[in-house]
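Chemist: Take the given structure of chain Z and dock chain A to it, following the hints.
Protein chains: 2
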Amino acid sequence: MDLVIISIVLGLVAVIYGFVTSRQVLGAGAGNERMQEIAGAIQEGAQAYLKRQYTTIGIVGIVVAVIVALTLGITSGVGFVIGAILSGVAGFIGMNISVRANVRTAAAAQSGLQQGLTLAFRAGAITGMLVAGLALLAIAVFFWYLTSIAGHAANEREVIDALVALAFGASLISIFARLGGGIFTKAADVGADLVGKVEAGIPEDDPRNPAVIADNVGDNVGDCAGMAADLFETYVVTVGATMVLTALLLSDLGDLLMPMMALPLLIGGVCIVTSIIGTYAVRLGGGTNVMGAMYKGFLLTAVLSVPAILGAIWFALGGDLNTAIGAENLGNVDVGAPLAEEGTAAITSFTGLDLFLSSVVGLVLTGLIIWITEYYTGTGFRPVRSIAKASETGHGTNVIQGLAISLESTALPTLAIVGGIIVSYQLAGLMGIAYAATSMLALAGMVVALDAYGPVTDNAGGIAEMAGLDESVREKTDALDAVGNTTKAVTKGYAIGSAGLAALVLFAAYTTDLAEFFPEADVDFSLENPYVIVGLLLGALLPYLFGAMGMTAVGRAAGDVVKDVREQFAADKGIMAGTSRPDYARTVDLVTKAAIKEMIIPSLLPVLAPIVVYFGILLIAGQENAFAALGALLLGVIVSGLFVALSMTAGGGAWDNAKKYIEDGNHGGKNSVAHHAAVTGDTVGDPYKDTAGPAVNPMIKITNIVALLLLAALAA
Amino acid sequence: MDLVIISIVLGLVAVIYGFVTSRQVLGAGAGNERMQEIAGAIQEGAQAYLKRQYTTIGIVGIVVAVIVALTLGITSGVGFVIGAILSGVAGFIGMNISVRANVRTAAAAQSGLQQGLTLAFRAGAITGMLVAGLALLAIAVFFWYLTSIAGHAANEREVIDALVALAFGASLISIFARLGGGIFTKAADVGADLVGKVEAGIPEDDPRNPAVIADNVGDNVGDCAGMAADLFETYVVTVGATMVLTALLLSDLGDLLMPMMALPLLIGGVCIVTSIIGTYAVRLGGGTNVMGAMYKGFLLTAVLSVPAILGAIWFALGGDLNTAIGAENLGNVDVGAPLAEEGTAAITSFTGLDLFLSSVVGLVLTGLIIWITEYYTGTGFRPVRSIAKASETGHGTNVIQGLAISLESTALPTLAIVGGIIVSYQLAGLMGIAYAATSMLALAGMVVALDAYGPVTDNAGGIAEMAGLDESVREKTDALDAVGNTTKAVTKGYAIGSAGLAALVLFAAYTTDLAEFFPEADVDFSLENPYVIVGLLLGALLPYLFGAMGMTAVGRAAGDVVKDVREQFAADKGIMAGTSRPDYARTVDLVTKAAIKEMIIPSLLPVLAPIVVYFGILLIAGQENAFAALGALLLGVIVSGLFVALSMTAGGGAWDNAKKYIEDGNHGGKNSVAHHAAVTGDTVGDPYKDTAGPAVNPMIKITNIVALLLLAALAA
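Chains as they are written, first to last, in our numbering: chain Z, 636 to 1351; chain A, 636 to 1351.
Looking at chain Z on its own, in the form it has when it is part of the complex (with noise of 0.2 Å):
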């Protein structure tokens, strides 16, 4: 059978199970009515914010679209539209799946751990492989319609066009969705807690703040919509790079070329298996170690996916794992010989072993990334204690270390990426890095679940504390919940770490179409010509450029969320009296005006400076010169991005966990002077780790996205 179609059927799989499980989800209890009033409230805000979200963004997608279409054709203007479409469905209905087992979830740890964990472990999964499923559809689908019904060859441009058109669409809705929800549910997080905790002194999720909603809300079209919508993204773009640098790089397969064009898709497709197999393997087994019942599901994912993936391209290659392919450049390698013969070599093939090894050191990576994280945002270990630890000193001295760690936390991770660049290099040139990055996506229907897991038991506790149920349930969705931060934390560190592989991939679909577009043009890529330096610096300038729009936002934001509710108490005494009802409704269409506002124009950043610097370069030095500050551009983006991202992630994340671990009663337990500094450090972790960090992802892919269109553009 073709091999697409195999990868379509099991992108329906997936979509499959989704539909399944949530009717199971949906099926289950969903408590009292004051419960449901609550979760009612919450439905009602999210769904509110999202369709004034997705109509802003709609507008600037139909101007985007109709550019792409005008500038690259039709049929690429039309994979910007399913990729945009398909990134906004990820997100809807991840939200609309969280928005309804939030409460379920706080029914169902009325009976138990495992019951509520099953639960919004469930919730998770369904948003995971509806991601993983349709970010898989989305490409294999188009290819399929491109390479048969419309006739093309596999490897032709308006295919290639396409492939990068749809990811340019899942990653630009990407970006709106990843910083809107980032501002929105940081700003009503933050405005909640300094007016509610701080000022008003009473308890997080107390029902008589008025931002109380609005930061549920939050939980929803932020970590579990803008998440969805980001790791849609990072599915759709490492998939796609890797097939098109495969139609790039390998010419003259014949019949191998569409085997190996459609072998990412398989890939993608068997993990999808995999993925679900591993969910039914988070249990707690009789104990009541929730991390450890995910890790038992993860593991499991991910021992399977190394036979599954090996079994994937032995039947693409017609079982033959031993022949080298082919292909024109791979990139050099030194061969190593004494030093006065040295030289470097092309990598002219590989075989289907060499990318089976790639292959597991995606997957070896993505354990790593998953085990560092934990280890800097667990509450076991040298890092979140030592910021704990801080905070008996103080506000100053509990930030001064989350900073510290912050920073510190970086350095693993890029040695892991150095690591697997290196061996993947080695085993099969930039084909080996792209199959290492598909490799690592292809287990995004896993890793999405365990994080979408998250806002669910957030909210379940949320509700549980504003329904007034009995204490033990609020303590089973804390237990819940607590490895919630670091699950959130996996998630943008494992997005983030395969950003760093899928820019190389999209660098080098850079600089193969220039030497295709441009035959002529004699490009220097050294670091020895300036305007590399200059598109190095421009490059590492555009995450600290957007990381202080994302902080700036969400600190005004989070302002006028204060204002308003001071305004409420102010005017209804009841309200703190507990006899009237906060107007929950205009805080939440508060923080959905600011949010959308705020968004616009840091989004638009990695969408205009490619195109600013090509220009500008163009005019001071030519065309050559502003090649090859773009090209240096898309690499300063990614080198500087990748710290700032993994250490505003793991540096929020730490800081949380800090607060947790000294309520869990040390250094004083709550209300001590460890705790409120613990507090500073989690609000100043807010927009670290859930605004300006995570959406520095899809920021690194646009800059890459639009330089690729650009040249084709200027080609055409």
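Please note: incorrect hints may appear among the correct ones.
For chains that are exact copies, the list does not tell them apart, and a pair is met inside one copy or across any two.
[Said to hold, decoys possible] Think about it this way: if two alpha-carbon atoms lie no more than 35 Å apart in a straight line, the pair counts; the simulated DSBU-like pairs of lysine-lysine are:
1) Lys931 with Lys1228
2) Lys1295 with Lys1198
3) Lys832 with Lys1198
4) Lys1305 with Lys1295
5) Lys1305 with Lys832
6) Lys1228 with Lys832
7) Lys1228 with Lys686
8) Lys1295 with Lys1232
9) Lys931 with Lys1198
10) Lys686 with Lys1305
11) Lys1208 with Lys1228
12) Lys1208 with Lys1305
13) Lys1198 with Lys1305
14) Lys686 with Lys1295
In short, the hints are calculated from the structure, not lab data.
Modeler: Quick look at chain A alone, frame taken from chain Z:
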């Protein structure tokens, strides 16, 4: 007369200025007995610290000197020792002037603002001129000895290696001094604030606080001695690198060889004269605008330097500014023809006028960086005010807004540096960039004067407080000190900005050396080579790891201070009652030990990293990729380090002045909610701006220099 001799004479002028002015300063009244007693304690503590620091550094220095001498020869070993010793001397003299000028400034401020300003600024100017003068003398005398007494040709390998070794000595001492001093000053500052202001509720500089003397000692050993060593290093490396690049790139100069080698020295020399003239323009002129008085001095120096540099170039080139000077390869420029015929051409010549215009670029860049830093750290502009405003809603929002500003503050300096690179490169290729960097550093005397003024006024305020002088005196010293935060941030921005250019010059020296030492090696520095990516990533990691270590060290040492002070308070109730005196020396001793211990490992990071990366990649992928990765490491350090350092230094300055702005009565003034939050921000900013951030500058240079020496050692 010989250009080198003229330069030596001009260097001596700076030293003479220093001696004459220090007699004036030391001749001023030293206040009453209590003031002298306090000043004596600070002096004693500072000397004890520096003695211990230099002893420790001395041991490391001797080991490294032996290694340098054994691998590169005795001349290089001597160069290393000269650089190391003079770097230490610069810091030592600066500190010695500072600890004597502080009490005299407090005394002078009793007479009036202008009197206080004159004394404090003269003290700063002494340090400034000695830093510039000693740096110039170090290179000029050593170069004169090598080319006259030892009889080497100006561009001989032994001369080049010796100049690089001289720079290495300066850099190595400087990183220890910057980091050790930075840890000392901030551990004492943060510790004193935490336990004094926050816990005991006593004001800053209260004599009952046992850490108060340590805090004042810190200003002298960190902000003065550390800063002086840092700028000494920056000067030596920049001027030295320009000379090395001249020797490497410009062959067959004939009679022009010696003048071209000596020209950077002459530019440094004439700008010492313009700097001295500028110091006399620092006058209030009846008003109270201290910053305005500073600017008058700087502006006069900058404006006078334009004709002075033009004259120096005209004189060195025998009155001819228009004849092209040939070079081997100054880089490539795009010839700018229409696309079809386009291509890049090597720049092979430049004129004296080109060098002059490149130098003007450096002067303009210095002015721009000062202006941008003032914008980001001055109390009159949006950034600081936005942090102050965010403080109203508490600690968390203060820190969030501060981090946002620190990220944002990297943008304009980066654009200015990029502009400087492009323009100077278009003028004279790599030589243009080198001259832009040299003319930046030529103003070091004036810039250091502005900076070294800060700790003097800071200490003066402390002494006035502790000695119980009239409120009006403290008001005047506060007015003088207020601009100190901005001038301190200015110097750091200036140093790191110049490092951006200097590192490019060093990288050019690396590639040129590589071609000379290993002509058969075909090193691929292209961004398409994955080992280049690996090098960029590992290089970018270094400032993060280094920053993490510095921040952690401050947090840990500050915690020790808190414990020590708590113990002293507990053991003797008379301290808080004001009846018995705390044991200041014990706290000074504790911070000294902690700072010395903590500075070692991070300082060795940039020394060892290039060596580890080279041999690591050599084992994995052969020598050519090892050279490529090492080169990329150098650029990775500068690209990432630039942003880390800029964001930390500007952000820290902004936090500090936001606190000052609130203390001036805005947003509720002292002891308001906003003020408490601003104190937290200030505490967080302390290790950012005074420990981790500024030490990144020598770190970048050390990495580059070690790579150059490694090449020479491998070829030997």
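Chemist: Now look at each hint and say whether the structure bears it out.
Modeler: Here's how the hints hold up against the structure:
no.: 1; hint: Lys931 with Lys1228; in the structure: neither (42 Å within a copy, 47 Å between copies)
no.: 2; hint: Lys1295 with Lys1198; in the structure: both (28 Å within a copy, 25 Å between copies)
no.: 3; hint: Lys832 with Lys1198; in the structure: both (15 Å within a copy, 30 Å between copies)
no.: 4; hint: Lys1305 with Lys1295; in the structure: both (9 Å within a copy, 32 Å between copies)
no.: 5; hint: Lys1305 with Lys832; in the structure: both (12 Å within a copy, 24 Å between copies)
no.: 6; hint: Lys1228 with Lys832; in the structure: within (24 Å within a copy, 41 Å between copies)
no.: 7; hint: Lys1228 with Lys686; in the structure: within (12 Å within a copy, 60 Å between copies)
no.: 8; hint: Lys1295 with Lys1232; in the structure: both (33 Å within a copy, 33 Å between copies)
no.: 9; hint: Lys931 with Lys1198; in the structure: neither (46 Å within a copy, 44 Å between copies)
no.: 10; hint: Lys686 with Lys1305; in the structure: neither (39 Å within a copy, 46 Å between copies)
no.: 11; hint: Lys1208 with Lys1228; in the structure: within (27 Å within a copy, 57 Å between copies)
no.: 12; hint: Lys1208 with Lys1305; in the structure: both (28 Å within a copy, 31 Å between copies)
no.: 13; hint: Lys1198 with Lys1305; in the structure: both (27 Å within a copy, 23 Å between copies)
no.: 14; hint: Lys686 with Lys1295; in the structure: within (34 Å within a copy, 45 Å between copies)
In this structure, the hints that do not hold are numbers 1, 9, 10, in rising order.
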